[in-house]
Amino acid sequence: MLKTEKSRHKIKNQKYMGNYGEHHYGNISKVKIDKIIETLKTNGSTVTGNNPWTVVTHNAGVVLEGTWDSSTLILSIVITGKNILVPPSMVWAKIDPLLTHIASLQDSELL
Numbered sequence: 319m320l321k322t323e324k325s326r327h328k329i330k331n332q333k334y335m336g337n338y339g340e341h342h343y344g345n346i347s348k349v350k351i352d353k354i355i356e357t358l359k360t361n362g363s364t365v366t367g368n369n370p371w372t373v374v375t376h377n378a379g380v381v382l383e384g385t386w387d388s389s390t391l392i393l394s395i396v397i398t399g400k401n402i403l404v405p406p407s408m409v410w411a412k413i414d415p416l417l418t419h420i421a422s423l424q425d426s427e428l429l
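The sequence shown begins at 319 in my numbering and counts up one residue at a time.
If you are wondering where the hints come from, they were derived from the structure by calculation, not from laboratory data. Possibly wrong hints are sitting among the right ones.
To be verified - Below, a list of computed lysine-lysine pairs in the PhoX-like style, where the Cα atoms sit at most 25 Å apart: (1) Lys359 <-> Lys412; (2) Lys353 <-> Lys400; (3) Lys400 <-> Lys359; (4) Lys353 <-> Lys412; (5) Lys359 <-> Lys348; (6) Lys412 <-> Lys348; (7) Lys412 <-> Lys400.
Treat the numbers as computed from the prediction; the structure is a model and nothing was measured.
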């Protein structure tokens, strides 16, 4: 691989992984996905796409990408952008408890 190809490959992988890791959440149904997107929009986030979704939170420069596997009910989230002053651990500290809680709910509790 040429040096420029290696650089492009590295940049592509860093962009995809956000260089901040990827978290996975199980037991996320379509009902839960719809509720998560609705709540994000209600709280001022811009959500684009349709699996994968890009979420611009308008908070500390945080941008997320979410992908949902309907066969396994797993939602995967990657931080693709954030303010340099915000550590990734701070972003995950907000996301992890919320999605763990949502995963524990029954769909009927969200309707």
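Hint check:
1. Lys359 <-> Lys412: Holds, at about 17 Å.
2. Lys353 <-> Lys400: Satisfied, since the Cα-Cα distance of roughly 24 Å is no more than 25 Å.
3. Lys400 <-> Lys359: holds (18 Å)
4. Lys353 <-> Lys412: Answer holds: Lys353 to Lys412 is near 17 Å, not above 25 Å.
5. Lys359 <-> Lys348: holds (17 Å)
6. Lys412 <-> Lys348: holds (22 Å)
7. Lys412 <-> Lys400: holds (14 Å)
Of the numbered hints listed earlier, not one is contradicted by the structure.
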